[in-house]
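2 protein chains.
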Amino acid sequence: MQKIRYFDSAATTIMSQTALNVYEETAKTYIGNPSSLHTAGIEAKALLDQSRSQMAEILHVDPKTLTFTSGATEANAIVCNSLLWKLQKPHVILSNIEHSSIKEYVRLMKHLGWKITLLNAPDGFISAQDLAKALTKQTRLVSLMLVNNVVGTIQDIKSLVQVVRSFETENGGRKIHFHTDATQALGKIPFSLEDLGVDSAAFSAHKFHGPKGVGVLYNTDPSVESLSRGGGQEIGMRAGTENLAGIASMAAAAKEAADNLQANAEKVSEINALLRKELSFIHIISPDHDCSPYILNVATRILPSEVFTRMLYDRGFCVSSGSACSNNAKQKGEGVLEAMQISPELGRTSIRISLSSDTSKEDALALIQAIKTLYQEHV
Amino acid sequence: MQKIRYFDSAATTIMSQTALNVYEETAKTYIGNPSSLHTAGIEAKALLDQSRSQMAEILHVDPKTLTFTSGATEANAIVCNSLLWKLQKPHVILSNIEHSSIKEYVRLMKHLGWKITLLNAPDGFISAQDLAKALTKQTRLVSLMLVNNVVGTIQDIKSLVQVVRSFETENGGRKIHFHTDATQALGKIPFSLEDLGVDSAAFSAHKFHGPKGVGVLYNTDPSVESLSRGGGQEIGMRAGTENLAGIASMAAAAKEAADNLQANAEKVSEINALLRKELSFIHIISPDHDCSPYILNVATRILPSEVFTRMLYDRGFCVSSGSACSNNAKQKGEGVLEAMQISPELGRTSIRISLSSDTSKEDALALIQAIKTLYQEHV
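So the protein lines, in turn, are chains A and B. Letter by letter, the first sequence follows residues 707 to 1085 in our numbering. Letter by letter, the second sequence follows residues 707 to 1085 in our numbering.
So that you can see chain A by itself, here it is in the shape it has in the complex:
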């Protein structure tokens, strides 16, 4: 069997052994439902609280601000759905480079007659000026991602939040909720939610070697309300029996990622630099500043993304022609690249190489060699 060399860690990562051990141990040991009042329930609830405190410590926030979800998609959905409680039709500001879990809400929002402004991100960055121009007295939600999943650009969320806060002050103090999808950030780049000043943020465990199907919503805005409170779990923010083993496993994976953040970032940055240097004969789309070292978007210029990536797949390399989530939706990464005003020639031939702490230099060298060979064969 052909060796698989995995460069699609922005799509998903494999569970770490630590995370898997915690999952197994929890599933075997904790028999109760955290909402039950008996001994088994109390023990489960204690581990749930402990996991929340552990996540809160990693994120440097109050445990009360954290709601466990089935992933970042659901965390994003809770914030967007919350607007359905508003009796007046709100104005919403999103960017054209948001992940589909946010951007697909545009369809529902338009259907409901809400006003939406979609900001572009020239060269990958959303500008404070564009945001300032877009704000209106009807704006209730601004959702802009922290690290872009297609090219890796890191938005200056702190400045963007300040634009919103200034607007609020100038306009009588009415609250505008600022949400950030921080899925590609946790365990990869250092950030402080409190320093950024966002009202809410979404995370997904499987992006940092935790289990799939688990995520967390950070929220400090009491006006965010879940569509249904269901069984009242997670302080009414997210109904359904808590995935205790998954949650404890996520906390373990997050701790592992946080403890090794610096060392992993150095290792990954070195591989990223190697790729940038050796692939300089093609076009590097990801900017060399304010960009996650974990994502490198390049363009061959010579063959469509789908063709070139398929040739790489055939040689055992797992890269991406867009985000995994955009493969179903038939709207490839090009939508994001267009919003970044990347030329169609580059957009059509782009390839996303995404790394993790598991990525080896040996695999990177093999990928470089494969791209060089394929390029020479087809130029």
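Certain hints may be false.
Here are the computed lysine-lysine pairs in the DSS-like style, where the Cα-Cα straight-line distance is at most 30 angstroms [said to hold, decoys possible]:
id	chain 1	residue 1	chain 2	residue 2
1	B	K792	A	K795
2	B	K1078	B	K1067
3	B	K843	A	K795
4	B	K983	A	K816
5	A	K792	B	K1067
6	B	K709	A	K734
7	B	K881	A	K816
8	B	K816	A	K792
9	B	K792	A	K792
10	A	K792	B	K843
11	B	K821	A	K734
12	A	K821	B	K816
13	B	K795	A	K821
14	A	K734	B	K961
15	A	K1067	B	K734
16	B	K843	A	K751
17	B	K770	A	K795
18	A	K751	B	K1067
19	B	K734	A	K816
20	B	K792	A	K816
21	A	K792	A	K881
22	A	K973	B	K734
23	B	K734	A	K961
24	B	K816	A	K843
25	B	K983	B	K709
26	B	K751	A	K734
27	A	K792	B	K795
28	A	K709	B	K734
29	B	K792	A	K821
30	A	K843	B	K792
Source of the hints: derived by calculation from the structure; they are not laboratory data. As the structure is a prediction and not an experimental result, all values here were calculated from the model.
Given the coordinates of chain A, work out where chain B should sit on it, guided by the hints.
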């Protein structure tokens, strides 16, 4: 440490060793995102499809009708939320004995100005006559549960569906969606979704020794539409990276439960009969016909549920004074019992004993003895 004797399997069950093994094996082996187009993604997608086929075989339905979710709460939510796409305000029929994941929607529905009819269930059963009277030309959704989680009554969903279908025919054929929350049914009582004639049904893996945080929505109605299509996973019905290990594990647990359904039901029915016989000195709320053997609701008449159950907790018994999900919501099982027209005296002193294939006769005898002793001490 005190031995835990677990009688709260309607709240949650522990993962079977088979389910845990499948989880671990999948998490270790399948590195890709099922939405990715490379080898690792294709392998993950193949296992996802295989798990769907396995679940479909167990439910005797077309795999295309199944959407994997984070649990029954989310499966119920997809159906309820789908009504938000309707431009006209719909009329909805629910029962007062629904699980909180359905019943809590009443708040949102009322807020949005929809009309809601809540049916009672005298002695635990929803009557076809009441349903027939409640139907209007504006009715768009009827949601009635298959097995009640507090007392175990099995509704005659087939007859209830027929009432709706007759109404549709008499009124120009306009479609009314019939949903059933079948969380307490799968792997426990035999049923056929196609025979019942429902449009959709919700299930949760952790109720049949599968993992928490995984469930499935059965749906045959093309007009059901997710609020957000997100990354387009699950044919656009449920966005978010699929919890592959959880899904494969659920399929394994469902197969185990289905393969042993008859044997487990016999074993559990025997324990249920023993409990009914030996506890006949107190009041048995759960009817002795059309009732799941897995749930037995009794009333001591002498002490409030919370007090009696706490005494049992102190002796190592895990029983419930309502559903686990109602503990957070501060609306105990009594709401359900009231809707069943159970007298307040019985409702206030009720205890839910719920069984699983793991429940031993020895534990049941110990519970009987404990209840007898406590009763004699407090009568």
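Do the hints match the structure? See the list:
Restraint check for B:K792 and A:K795: the C-alpha separation of about 16 angstroms stays at or below 30 angstroms, so the hint holds. For the proposed pair B:K1078 and B:K1067, the alpha carbon gap of about 16 angstroms is at most 30 angstroms, so the pair holds. Note on B:K843 and A:K795: the hinted pairing holds, with a Cα-Cα distance of about 28 angstroms set against a maximum of 30 angstroms. Between B:K983 and A:K816 the alpha-carbon distance is near 60 angstroms, which puts this suggested pair outside the 30 angstroms criterion.
The straight-line distance between the Cα atoms of A:K792 and B:K1067 is roughly 53 angstroms, outside the 30 angstroms bound, and the hint therefore fails. Annotation: proposed proximity of B:K709 to A:K734 holds, straight-line Cα distance about 16 angstroms (limit 30 angstroms). Proposed proximity of B:K881 and A:K816 is supported: the alpha carbons are some 26 angstroms apart, at most 30 angstroms. For the hint linking B:K816 to A:K792, the alpha-carbon distance of about 13 angstroms falls within 30 angstroms, and the restraint holds.
Distance check on the hinted pair: B:K792 and A:K792 sit about 17 angstroms apart at the alpha-carbon level, within 30 angstroms; holds. Distance restraint check for A:K792 and B:K843: the Cα-Cα separation of roughly 28 angstroms lies within the 30 angstroms cut-off, and the hinted pair is therefore satisfied. Pair hint B:K821 plus A:K734 does not hold up; C-alpha atoms about 45 angstroms apart against a cutoff of 30 angstroms. Restraint check for A:K821 and B:K816: satisfied, since their Cα atoms lie roughly 24 angstroms apart, inside the 30 angstroms limit.
Annotation: proposed proximity of B:K795 to A:K821 holds, straight-line Cα distance about 21 angstroms (limit 30 angstroms). For the hint linking A:K734 to B:K961, the alpha-carbon distance of about 20 angstroms falls within 30 angstroms, and the restraint holds. With a C-alpha separation of about 22 angstroms, the suggested pairing of A:K1067 with B:K734 holds against the 30 angstroms cut-off. Straight-line distance between C-alpha atoms of B:K843 and A:K751 comes to about 46 angstroms, which puts the hinted pair past the 30 angstroms bound.
Among the hinted pairs, B:K770 with A:K795 is inconsistent with the structure: their alpha-carbon atoms are about 36 angstroms apart, more than 30 angstroms. Restraint check for A:K751 and B:K1067: satisfied, since their Cα atoms lie roughly 28 angstroms apart, inside the 30 angstroms limit. Of the pairs offered as hints, the one joining B:K734 and A:K816 is violated, with about 42 angstroms between alpha carbons and a cut-off of 30 angstroms exceeded. With a C-alpha separation of about 13 angstroms, the suggested pair B:K792 and A:K816 falls inside the 30 angstroms cut-off, and the hint holds.
This hinted pair checks out: A:K792 and A:K881 have alpha carbons roughly 13 angstroms apart, not beyond 30 angstroms. For a cut-off of 30 angstroms, the pair hint linking A:K973 to B:K734 stands: about 23 angstroms separates their Cα positions. Restraint check: the Cα-Cα separation between B:K734 and A:K961 comes to about 20 angstroms, which is no more than 30 angstroms; the hinted pair holds. Restraint check for B:K816 and A:K843: the C-alpha separation of about 28 angstroms stays at or below 30 angstroms, so the hint holds.
Straight-line distance between C-alpha atoms of B:K983 and B:K709 comes to about 25 angstroms, which keeps the hinted pair within the 30 angstroms bound. Between the alpha carbons of B:K751 and A:K734 the distance comes to roughly 28 angstroms, so the proposed pair stays at or under 30 angstroms and holds. For the suggested pair A:K792 and B:K795, the alpha carbons sit about 16 angstroms apart, so the restraint of at most 30 angstroms is met. Using a Cα cut-off of 30 angstroms, the hinted pair A:K709 and B:K734 holds, with the two alpha carbons roughly 16 angstroms apart.
About 19 angstroms separates the Cα atoms of B:K792 and A:K821, which keeps this hinted pair within 30 angstroms; it holds. Distance check on the hinted pair: A:K843 and B:K792 sit about 28 angstroms apart at the alpha-carbon level, within 30 angstroms; holds.
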